[in-house]
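*Asks:* Here are the chains, one letter per residue:
2 protein chains.
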Amino acid sequence: MKKTHRIDPDPAASSALPSQGRRRLVEAAALLAAGGAMRPTGVAQAAEQDSALVPAWMKHQGASILSPAYGQPSPYEAHVIRAAIPGRPTSTAATSQTPLADQRGMITPNGLVFERHHGGVPAIAPEQHRLLVHGLVRRPLVFRMDELMRFPSVSRIHFLECSGNGFGEWDAPAETVQGTHGLLSCCEWTGVALSTLLDEVGANPQAKWILAEGADAAAMTRSIPIEKALDDAILAYGQNGEMLRPEQGYPLRLLLPGFEGNMSVKWLRRLKLGEAPFMTREETSKYTDLMPDGTARQFSFVMEAKSVIVRPSGGHRLRGTGFHEIFGFAWSGRGKISRVDVSIDGGRSWQMARLQEPLLPKCLTPFRLPWRWDGAPALLQSRAVDETGYVQPTRSRLIEVRGTHSVYHYNAIQTWQVTHTGEVSNAHI
Amino acid sequence: MKKTHRIDPDPAASSALPSQGRRRLVEAAALLAAGGAMRPTGVAQAAEQDSALVPAWMKHQGASILSPAYGQPSPYEAHVIRAAIPGRPTSTAATSQTPLADQRGMITPNGLVFERHHGGVPAIAPEQHRLLVHGLVRRPLVFRMDELMRFPSVSRIHFLECSGNGFGEWDAPAETVQGTHGLLSCCEWTGVALSTLLDEVGANPQAKWILAEGADAAAMTRSIPIEKALDDAILAYGQNGEMLRPEQGYPLRLLLPGFEGNMSVKWLRRLKLGEAPFMTREETSKYTDLMPDGTARQFSFVMEAKSVIVRPSGGHRLRGTGFHEIFGFAWSGRGKISRVDVSIDGGRSWQMARLQEPLLPKCLTPFRLPWRWDGAPALLQSRAVDETGYVQPTRSRLIEVRGTHSVYHYNAIQTWQVTHTGEVSNAHI
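Protein chains in written order, with this note's numbering: chain U, 1 to 429; chain B, 1 to 429.
Calculated directly from the structure, the hints in this document are not laboratory data.
A couple of the hints might just be wrong.
[As the list claims (entries may be wrong)] Derived DSSO-like pairs (lysine-lysine); straight-line CA-CA distance at most 30 Å:
no.	chain 1	residue 1	chain 2	residue 2
1	B	Lys286	B	Lys208
2	U	Lys286	B	Lys59
3	B	Lys286	B	Lys228
4	U	Lys59	B	Lys286
5	U	Lys286	U	Lys208
6	U	Lys336	B	Lys59
[Claimed, not checked] Interface residues of chain B toward chain U, partial, derived using beta-carbon atoms under 10 Å:
no.	residue
7	Gln72
8	Pro73
9	Ile226
10	Lys228
All C-beta atoms in this analysis are idealised placements derived from N, C-alpha and C, irrespective of residue type, glycine included.
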């Protein structure tokens, strides 16, 4: 029996792969069957056990509880970070993308939630923050954070997607899914239902729109239909169990589930009720969609159903033929995802993927499909259908209707091309 | 109109509180009605607006996207951290508690998940980690992480609770809810269903128990009934969307939903199938419950239904009479929570709290109840009922059955005493 305590990192030491691609290592199994690892064992025996499999780090006391007491990811995961958009100056960079290819499950951890700022991230002491609610209300009021946090609270899990997610895909495809779809995250949001606050100030019946203004240097402003405000809008201060992160609007943001991300105004300082939309810069010159006939769509609030395979995806290389799980996300700003179809032949045939439960409205919905790769080139696609019956369009159908002048609301089916060597890349077919 | 751009942090500047406790500040509202803040406004006007409400941080460009690109909480939230148990040496501390009083919603962010180590935290390079599966199996196998991560995956949200959560409450009450209940967290866990892996190695029919061993210096070992392994056990590598944190078992842990936390063995390196429990130290001398008659309960796996109010809770002080939301968590290792009752009079009368949806099995379930505090002393309690009909016991009933020699499985109703000055403290009634 070998006396070394170091595990051999040689890939030949491997012994198992999922069924359809298994390379069993008979030698290793035989070693185990003969060696100490097969003895009946308790703690004492395990500690004395001296097979080649006992690793070095079992031989000494590990680290104490962590200090500082707010934990961090493993150093071995340092590559899983948000990324700025390539080629843009970073000193004023205002966009970073979520590493979706490494996301496990539906929750995006707060440290990896995408960023989109319009005037940078202000540093706000929560006790100095105020929310003014005025306009067509019975009593204009200013709220401190501690006052807002005394109201009845709600928590719900929703995706948040920048309307510009996939902006390059109209004509300049990105290499990885972080680049194609990374302006997308999903969190549990906690705060006060906006409807509760509107009850408090007394919205006038003629109020039809609400101006929301951020306390950033851009004074980011958008107009919100009152129906949305009364439906499921949240004045959010909590995100995944803790207070908002600074770049997510600390200490207060609007959260409009299913609407384009910029409308969920961060660092929210003002709500003004009025009779008509306020026609701010962000809904006239920006965040409109230029159509093929030269007109522009305005107030394209809802993020339509969309999906993407994140494993495997652009930049990956399949490690051998055999079993691979196809894993991705589907979401819709209109409600629940009802089905996701997956194709491995560029849309000629489709299989239904398994959806992760619980199925929640306006929420990232992981889907999974077992796949046996035979080594032949493949074209991987996913197609989301939501509970309204909306079907995610093909790229050609989307461009047929919208042209290629839009920046926003690209929600076409994504194709990942797999070569016979297992290389995966973005393919615009 | 005042020209200062600094917001007055004086509490007198406040103007609004939830309905039943409102102190409206007529002056502030009148100022707003007369001042620039009431003008029709778009971005341009808002940026020029010069009322006393425009804060200093809107006057200059904010910070760029963050570097390093893994985000961190606001510096203003630096007090929301895990805490070691008071009075124990920190150089070898092996326990830290989740700050539940500050948790918003059901998800515990990874940086705040409680810790309990038995030999410290090993630093494991994932490419060197191995999982051995042997014993009563058709083919003993060793798995690398990249092999395990090719198997079909599952994600589910479950609480994790140390069996010793509330250990001091048998006789030495802690001051805050972080101390009384902070060995409790809730995350979305992702990994391979243990049943999938057992299919792979081919469990023999006579296998009834599985020994799970961690790769820490304690070689932490527990025996798992095969029924649990085949039911909902997960070989977890993902936690809240990212890879496990080091202190949570990176790169691989067992996750046994609803079972006492120590059985969800971290840094999992070995599973051995056998006919009987393996009688390790952790299930003979430790993690057993000494009963009043001198016998010990063994294999008390399931965490019974429990609940606790976290806001307000010990150490808080109510800011004035009027409306307060009572917020807490309920959970059961047997399934879903079906009801939470809340009492403000020490259990004489009860009201049904609103449960946060979706209701998930073996998951932290936030509950909320609106409360109007009239300034009189109060005794706040919550009582969980799960879908099996189990009712969380009173402290006196629990002690009547179990005595006070146990360290583990304290799940009695918690009482928070509120004095007429609003001070909240732990009361053993």
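*Asks:* Could you work out which of the previously given hints the structure breaks and list their numbers from low to high?
*Replies:* 6, 9, 10
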